[in-house]
Each structure stands twice: as C-alpha cells, then as structure tokens.
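Order-wise, the sequence lines are chains L, R, V and G.
Letter by letter, the first sequence follows residues 1 to 378 of our numbering.
Letter by letter, the second sequence follows residues 379 to 756 of our numbering.
Letter by letter, the third sequence follows residues 757 to 1050 of our numbering.
Letter by letter, the fourth sequence follows residues 1051 to 1344 of our numbering.
A portion of the hints provided could be inaccurate.
Stated by the list, open to error - Derived, one-sided and incomplete: chain L residues facing chain V with beta-carbon distance under 7 Å: (1) Glu10; (2) Ala112; (3) Arg144; (4) Gly184; (5) Lys207; (6) Ala258; (7) Pro275; (8) Phe311; (9) Glu369.
As the list claims (entries may be wrong) - Computed footprint of chain G on chain R, listed as stretches where at least three residues anywhere in the stretch have a Cβ under 8 Å from a Cβ of chain G: (10) 411 to 418; (11) 612 to 618.
The hints are simulated quantities; they were obtained by calculation from the structure and are not laboratory data.
Fair warning: this is a prediction, and the values are worked out from it, not measured in the lab.
For each residue, glycine too, the CB sits at the ideal point set by N, CA and C.
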Amino acid sequence: MDIHEYQAKECFRSVGIPVPPGRVVGTPEEAEVAAEKYGGTVVIKAQVHSGGRGKAGGVKLAKHPVEARDYASQILGMDINGLSVDKILITPAEDIDTEAYVGVLLDRKAQAATFMVSPEGGIDIEEVARTSPSAIRKLSVDPRYGMLPHQAYWLASFLYDDPNLVNQARKIIAQLYDAFVGSGASMAEINPLITTPAGVVKAIDAKMSIDDSELFRRPEIAEMRDTSSEPPSETKAREAGLSYVKLEGDVGCCVNGAGLAMATMDLVKYYGGEPANFLDIGGSSNPDKVVAALEIITSDPKVKVILFNIFGGITRCDDVANGIIEATENIDIELPIVIRLTGTNEDLALKILEDAGLSAYTSMDEVVEKAVELAGAA
Amino acid sequence: MDIHEYQAKECFRSVGIPVPPGRVVGTPEEAEVAAEKYGGTVVIKAQVHSGGRGKAGGVKLAKHPVEARDYASQILGMDINGLSVDKILITPAEDIDTEAYVGVLLDRKAQAATFMVSPEGGIDIEEVARTSPSAIRKLSVDPRYGMLPHQAYWLASFLYDDPNLVNQARKIIAQLYDAFVGSGASMAEINPLITTPAGVVKAIDAKMSIDDSELFRRPEIAEMRDTSSEPPSETKAREAGLSYVKLEGDVGCCVNGAGLAMATMDLVKYYGGEPANFLDIGGSSNPDKVVAALEIITSDPKVKVILFNIFGGITRCDDVANGIIEATENIDIELPIVIRLTGTNEDLALKILEDAGLSAYTSMDEVVEKAVELAGAA
Amino acid sequence: MAILIDSDTRVVVQGITGRDGSFHTREMMAYGTRVVAGVTPGKGSQMFEGPNGSSVPIFNGMDEAVRETGADTSVIYVPPRFAAGAILEAAEAGVDLIVAITEGIPVLDMARAHAFARDRGVRVLGPNCPGLISPGKSKVGILPGQIVAEGPIGVVSRSGTLTYEAVFQLTTAGLGQTTCVGIGGDPLIGTNFISCLEAFEEDSETTAVVMIGEIGGTDEQEAAAYVKENMSKPVVGFIAGQTAPPGRRMGHAGAIISGSSGTAEEKIRVFNENGISVAIRPADIVGLLKSRLA
Amino acid sequence: MAILIDSDTRVVVQGITGRDGSFHTREMMAYGTRVVAGVTPGKGSQMFEGPNGSSVPIFNGMDEAVRETGADTSVIYVPPRFAAGAILEAAEAGVDLIVAITEGIPVLDMARAHAFARDRGVRVLGPNCPGLISPGKSKVGILPGQIVAEGPIGVVSRSGTLTYEAVFQLTTAGLGQTTCVGIGGDPLIGTNFISCLEAFEEDSETTAVVMIGEIGGTDEQEAAAYVKENMSKPVVGFIAGQTAPPGRRMGHAGAIISGSSGTAEEKIRVFNENGISVAIRPADIVGLLKSRLA
C-alpha cells in the first residue's frame, strides 16, 4: 500500500528525521492561509500516488499567499497519470545547496532491507542503477542485527565529504531504517535529501510503501489508506477479500488463483481482446465470493462479457458450478457469461452448468476465444 | 543496580505484565489511607534491596486499615539485613491458587539472556537448581532473534497444564523478556507468579537489577537509584567515579585496579586484619581522585590506617607518588598512611615519598603486614 | 526417484486442527503421505482422526513432535500472524524441509525466518505456496493429488492453479511427473527456481522440466542463466503476466513489476536467450515438451 | 613462539585519535608493535604521529583500513557508547582478533557483538581487558612493556594491575613470558581461560602457565577441569576476592558472587582438586612455579 508524501513525512518525523513543516489542505483558500502562516516562498505539491508529479505540473513554487491560492486551484482537481488530486501539501521552500538520494527497499535476492544511496538527488534510482551503478552505494541490512552504526556511516560517507554532513546523514539513514521496520514498509525513499547553505541535512520529499501483509497489526497505518485515490471497485474488492486490479479492456475476468488469472488475461490479449481486470476469487466455491466478484466486474461499464476460468483442484468442479449458479441467481446480470471449468469432476460440472443454461467449456483457449468474440460483437 | 519491588512492578506493568495495583508510602497514616482505598486485606511489604524480607518480618498481611497502620509503623524504620526500611508497598492481597517461578538473567556461559522457570514458586532458584534441577526449565534467548513465540510457549507449558494458564504465562514470559531488554537489566524475576482460583495468572512480586553500564543511556532508570539504601560513602564514591564497597574492617584500602584491590583485601585478612573497604582508584595519577578516595576512606569512623597499594605500569610510579603527596597536602588526615608503590620508576617514587615523610614500601606483603600492625595498635 | 519428498518422507502438520490444516491433512493421508504428527498448542495428547479410521498424534510443540515421531518435514497451515513463528519453531526443532503454505505473512517476518532457517541449514519451501507432490509417493501441501501421474517430467512454478493447469495438461497428454513443486508467490521465498532445477538435473528419473514463472523479481532470469550453464535436460518455460500493468500487485505479493524490471517480456526474452523453450499459451507446454523430448 | 600475537601481527587502532587511543598507540609503537592503521570516523586521510618521526595512516572506517593495510588485529579504545559498534565493524571488516580494552560496555550490547563475531569466526579478547603482550614481539592493549621479559611462562588473567603484579614478580625472578593475556573483567568475554590454556598447551615455547582468576562466574572451574583433562604443562593459579562479600560488584562488572556461586573458596577448591597449584598470596606464585618446573 502506498501512502502519501505527507503521511510518509509524518512517519519520518516520528523517528527524528529532519523534515520541514507542512500542512495538507484541500482548498485554495486553505492553501493561502497556510502560505501566509509560513511566510516567504512555499512549495505546493499534489498528494497523489504517482511519480512524475513535477513534470505533470503538480508541484509549484509560490512566492506569496495569493500565488499559492492560484496554484492550489490549478493543482486541485488536476489529473496526474489518471489520478485526481484532491489534497495538496504546502511547505516552506528550502534553500538547497546539494541534493542526494537515500532509499531502502526489501530486496528479494538479499532477502533483506537493502539501502541504495547516491550523491545525486532527484534521480530515478532504477535508471541510475542501470546506467551508472558506480554512482550508487548499496548495502543489505542483516535482519538478525539490524542497521549497524558503521554501516550507516559507510552509506553516509558516500554522500558527503564534510564530517558534519556525514554525521547528520548517518543519523538520518539509521532513522530511515527504524521508520522502515517500524512501519512494516516494503520501500522508503528520501529523494532528494538536501543540504542547505547553512550545512543542514533535511528530507524534503518522502515516499513510502507498506507491506499489505503488515496492515493487520498496524491499524494506525492501515487507516492511512486513501481510497479516493483508487477506483471504487478496487476498494470494494479489498473489502470482500478479493485480489482485483482494474484495467482498461472489456473482457471481465473471474479466475481462481493469481497465476491462472494472469495467464487468462494474457490469453485474452493473445486472442485479440482486452482484459477488463485482474481478479482472483481464491480457492473456495463460496457463492458469496462469486456474487461479490460479479458485482465488482459488472460495476465497470466497459465490461461486455464475463469470463470465468476455474481450475477445480481440491475444490471439486461440481461444487464450483453450483456456487456459480447460486451466485448468478442472486444477482441481475445482463451480460453474457462464459465459463470454463476443468479438473476434478469436470464432466459433472459441465452438465450442471448446461442444465442451468450457462455456456460451459473445459478448454481455456476455447473459452477465452469465445469471450473475446462476444466482447467484439457487443 | 538493584531497583525496588515497586519500581520493577512499574516496569513490568509498562510492558503489559498483569501486576496487582500498589501504592508506595513512607508513613503509617499513608498506609492506612492506601489500605482503606483498596478495601479488604492488603499486603504490606518493606521496600529494601534484600532477600528474606518475609523472614525478617518485613512483609505482613493486614485485614483492615487500622491493622495496616500498625504493621506499617512496625516495618518502617526496621532494619533488614543492615538496611533501614523507609518505604513500604501496600497492595491488595490476592487469592492464590498456585505459585510458580519465572526469572531471567544474563548467563555468562550462554552469553545470552537465560530464562529459568519452575512450577514451584517462592523458591530460591539457585538452591533448586542445585538440589533438584529437573524442577527447572531453562532457555537461553539468542540475541540475534530475541524471544521466539514457541520458546515462550515451551517455558510456559512447564508451569501449567491448563491451556488457558499456559497462554497467559506465555505472554507474561515474552513481556518479561521485553522488560529485561528494554530496561537494560541483568536480572528480572517474578517470584511468585501466581494463579488465582478464577484462573488468572499474575505477578505478585518483582525483582530487577539493571546493568550499571546501561544507565548512561537510560536516565529514567538511573533516577530510580535509591541512595538512602546504601552507605553515603558509596554514593560519594560513585559520584567521584570510583569503585568502592564499604566493608566492616579497619584497614582502609586504596588500590589501583579491581583485581589488585581484591588481592590486597585478601592479604589484609591473611595477615590477621580486616579490610574496611574495596576501593579501586583506577589507572591515573590524578591527585583529585586520590583526594576523593582519601575523603571517602576517612569518612568511615572504623578506619584506623590507610593502605595504598599501587602498581605503576604505564603510569609511572614517580607520577603517582607526586599525586599522593599533593593529595595528602590538600586534606587533613590524622590516620597513619602506609604506601606501597612498585613498577616503573619505583626507586624514584620511594625517594619522593620518603622525602615527604611518608612510609613507603615496594613489597605488597610488607606494606599489608605493616598496615595490619598499625590498625591493631591503634 | 523424485526431489525433496518421497515415500519415506515423515510429515508433521503445524496447525493440524485448523480448518485448512485438518482438511488438507486428510487429503494428504488419503493420498498416501506419511503424516506422523500434528502440532496445535494446547491440543497436545489428543489424536487427529484421518481417513479410514487412521489417526495421528497431536503435540503442543514441534520440539516434542519431532522427537517423538522422527518427522523430517513440516507443513504449515497456521494463520499469517503466527506463521513466521511456526517456521522458526520447525527450524529449531530440526526438520529438514519446511513447507509454508500460509499466504500473507509479513515480509519482514520472513526475512528473519529465512535467516534463522539458513543459520540452521533447514530448507524452506514458500511461503504462499501450494507445496509439492511426488506422484505415487507423497504430497505435502495443497496440490490436488488426482491431477498428477507418475512419470518423467519435473514441474516447478511460482503459482498454484496455473501449475494445476499445466500439470493436468501433462497428465492428460500422458506425461507424468517426478515431482511438482510450487515455490510460492511471495517476494522472499526459501527455495528458488535454481535450487529446484539443480535437484531435477540430479534426479535420474527426471528427463525434462517445466518452469512456470510470472512477473516480478529476477528469479526466472537467474534460473535461465543457470539452465544454460548447468542443465543437460530440456526446459520448457511459461511466464504469466504479459498484460499486467507496472506497479500493481497481481494477487501474489511477489507479482509486481517495479519500474521497468520484472516484466514478462524481459523474462521471456531471457528464457529464449538461454535455450528455454517458451510456451506463449499454457496449451503450448505439452507440444514444446514433446518436441524437446523427441 | 607466542600465542595470539607475534611480530607479524598487523594492528589497527580503533579510536586512535582519542586520549587513551593516541597514548597507547605511541606506547605500542615504541614497544615495537606493527601498528599499520588507525580509525577515527571523520579523520580519514590524516596521519597519526607516532614516536621517533613514525606515522600511521588514519581511515574513516575499518573496512577501508583493513583493505588498505592488511591489518589482521584490531584494538579498541573507543568510549563504551560506541565500543560494541566498533567491535561489529571490526568483525565485519574481517580481522582475526579484536582486542576490546573499553570498560563499561552494556552487557546486552556485548551479547549481540559476541554473537556477531562468532558468526564470522572472529576472536574477541575482552572487553574490559588490558590486552596482551608477547614479550619482545608485540603488545596490543595497555599492558606496560617494561615489566615483561621473554621467557617460557604463559600468563592468563581476568585482571589488569594484579596481572602486572604477578608478571613483574615473574620477570624479577628471571621467569620471562611467552605471552601475557588479560581476558577481561566483564561478565561476557570473547576469549575465556580455556581458550588461552589450549593455546599455551600447543605453544612449543611455553613450559608452564600462571592463571589468575577472581570471584564471579564459573570460568575458572571449567578451566580447571580442562587443565586436568588436557594439559601436560604445570599450571599455577591465584584467585582474588576471598574477602569479597556476596552480591556486591567488586570493580569489575563480572566480579560478583551471585548467591553462593562464584566464590573464591569454591574456585580454589576446584583448582586444588584438578591439580592446579594455588598461590594463597601473589608472592607465592613464583615459588610454586619454580617447584612445579623443577
């Protein structure tokens, strides 16, 4: 789960990282008041879960409160990479001497939190890692011992030569690790970490993603979720315990298992269609889950056909067939439904479905081809 | 550093261990008020850093507030193993079904925090460990991973059979580890851990020692030190940065190095005397430290002679001799002083001391024999 | 022959009395797996009733379970909140293989648990995996026994039902399996593709391997390099998620394209570069396999 | 021959610019120790001025210091607050021996640091120890070079000045030393008596060993059992603290009688039972040694 810049900054502050003050507002008037309060030049930043806010015009410098209000009204409501801006962060502008990059993420290969730091700030770290790896210093933190003092120092001394700056950065790096672990994060980033002409090191941007699996034990972080930044169907799917990602196509997919769901989407594309979604209904034949899945899929007006692809393993196909029938009886659906059921007891299942007037298949290719054809015809 | 029962209980409460409420008071009247507040029977417990409080009469059950006041006036001012009681803890008496023992200390061999638990409570764990080791379950906690859930469960299931009690004890054991690490303790003990007839597990006694080396970074715990429970000379020595332990003899010892200081005390005993103290003035020749040491030694009215035993290693003996002379000039001492100085530049040092009219030796045996003789003659 | 488990494997089920644990324990027993013990704290000294009047002793802890029954493999069906702790317990109790089925274990918990298992030389499969099955010998986990058959093909996959899909096609086409291994959909897993490929390469009965990957991470790319360097047996691959958008988690916690890395396109390219035949559709797997084995 | 350090030992000083660090570095250099590097974060690329115009490069970190100079031994003079971190850094940088002089390191910090060093196979001496000296070859720590002499006696001790006392008497009596090792007065130390006794037993030049213990713990008792089982060379022992009261810390954090365990009386008894000649007074050590060597 991504959290907003202002939330990540709050988290950073709580572990002691120096972060300039800021105020989150939702109207141009509030922006003006905040700018007045800080005095001087302020930065206005769109709070959306997207990179490239600056390029999209979502970050502006305002020299006085009235300008802040004007920019705020431009940015609020703006669309940035498909996300609508409804909150902006107002912070006093900082004098910047240098910019560096400090980030930490869970590295799969090292199986550990892994820092990457670079004396060049404002960069795309992935791009730099590819093009000039020597501009990055990398360190994995042994989960048995945590961040050791000399490791923080070693990273910090890659950013600066001045011992005073190294010392500040060393603390910030150790604190960033605390924030990372303390929040159950999968990624945390300060980009840029600046130095001011007075020799002070500060984090002026903040980015953080939380491991979804941590949220059950961190209700205060779970509450940070901004459902306004995602399609309502995704919110609903999460509440129903379904894995769902909205896409732009017209073939609604309802599959058991994440891998099979992806393979189904790929096959839709292969046959010339466009999947409307990723959806994993999990391993049960529970009709309630199927109902929720159908409601979510049909709430997308683009969807023209509903495609079930179910592999009955431990759960028997006949049970799944009965579940689908019960679900479709409880909900009013105008769209064509095509179903593929295979695995244990598939013959029985096909008969049940056909008796109920539903199109049933055992081949994945066949059903997908049919779904794409129906979507094209609709 | 030992902390009082009520302080340890506060620490236990802060990590979630169920501890009955309690109030620390210093007068019989306050004891009556506290007993009134709790209603019913209360326990009155002397707060001194000593075992065997019960046997010494420092723990009483009072059935009503007036009785509480009476017992309080008996206990306050009482002498328990040489320690005067000036604080008592009033807690509501608990119905006790069973008593168990749970303790954790830093084990030298395992180099780790090591738990010992026993289904018999109120015991002397050391005694039980010697006489019936099978009555104890022991577990060392790997400092790289901390207390693992199944380890806490394994310990708890040695105490109880009932899964409900095991579950409560499991949590308490994990919390005790948190308290131990979180306070920089070297020992923490719940003795007894009780169960009530209603099936609730609670800690009704609490004992904790803090590693002195942790205090610099735990000011809130350093403040718990109760200097009223130690001789003023020890308080003063600690403030002066000297290692000092008051004993009951009459030969005041001033030695550089802890091992040599112990060996000096032993030699005093060997020659028929009794050391008045352990004192390690450390490795420097700084006259200020010597002055502080002399003030501390002479504040003990039992002391009849002052014995210096200094081995000049890196610090040259002549420097040390000059330090002693400067110190003795700054402080008025009536008692005889005998000095042994050996090591680098000892000849030079002896001459300096003799010129200043001080008795100087190079043999440890000689100087100790002389000191014991002087103490006997005084 | 088979890899990782066979008919001698002695299995202890952690969380045996839970809904999933009890269901799948009966499935495993019905398949013929030697389930020798179960663990549920607080239910020690009870018996778990298996199919056909069989039963399995339940213990309060893994230590006792392993000591009393000589179990060498553990399978974990406990909820996410307790699952990393169950892995630590199993590793300390000294089994050789821990199969962690549970989905949704916090990744930082797993970083510690993997380190702990590594310290003790214990292999972890998963978490968030369907387990593994050596047809006709033993199954540990949740793979459906009825879709597999004995034969010469090794299958290794990050996915659950997609593996069933592939295995079912193999079985239907008469291509039985030595062992089918689901390595799990989490970002930090204990046993990766390479380690399974190594085992299949060494296994004398395995003649070819099907490797089913997906978006996210670089495990497939490293495996591909391994295949080129070290495998004499043909490998057919499939990658799910060609249509997945970047930055979105596709069900599995590990199935996410970060920036431009971990895409299906990249993985397919690397497979092709390293001599792995890539099936564009799951239905192509059998054909490619047959042509490689011909 | 000698144990642990000799004339080839290449020493890096952690905390070289501090008061104690700079003083003892000059002492070590004057004695002939090969001090090849110093470390003080923030002072990298400066030079440390040793005696007689010699100098030593200073580095910001141990990693660089070891890489650039091939140091194999580190000695730590940094304050208690940073000392455990310095040990971790040295262990990670890959020296073979870490001599931790600092007194007052939190014991829980040391539990982690010892585990870390064990993980990496690095020996720690101390903390809260005076270090060690192989007369005529090298000294690492704070032992005064002028009281030792080359010869056949191994000395191992938990104490500082009490060791000097014993060593000085040996030297005065014409009994030089192979190596004198102070293992430290803390409760958790990296190198115990046994490990030094083992080394002395193996060292061809050592003919007898003096072992100086004190109250607290059971290291001496275990060492005594080791001596009986494994040592062919005579051992003379001394235990300080016969008059120490129970429950009080006698200077050293490790010198404390807990309940009735760790008393001098018990240690002396165990020494006697295991064939270690016990000196009742420090002055008796030389005589006992001579009679055992006769």
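Hint check:
1. Glu10: This interface hint is violated because 20 Å lies over the 7 Å limit.
2. Ala112: 6 Å, holds
3. Arg144: Interface hint status for Arg144 (chain L): holds (5 Å vs cutoff 7 Å).
4. Gly184: At 6 Å from the nearest chain V Cβ, Gly184 (chain L) passes the 7 Å test, so the hint holds.
5. Lys207: 13 Å, violated
6. Ala258: 3 Å, holds
7. Pro275: 6 Å, holds
8. Phe311: This hint holds: Phe311 (chain L) lies near chain V, its Cβ roughly 4 Å from the closest one there, short of 7 Å.
9. Glu369: It is violated, given that the least Cβ distance between Glu369 (chain L) and chain V is near 11 Å, above 7 Å.
10. 411 to 418: Our answer is that it is violated, as 0 residues pass the Cβ test (under 8 Å) against chain G, missing three.
11. 612 to 618: violated (count 0)
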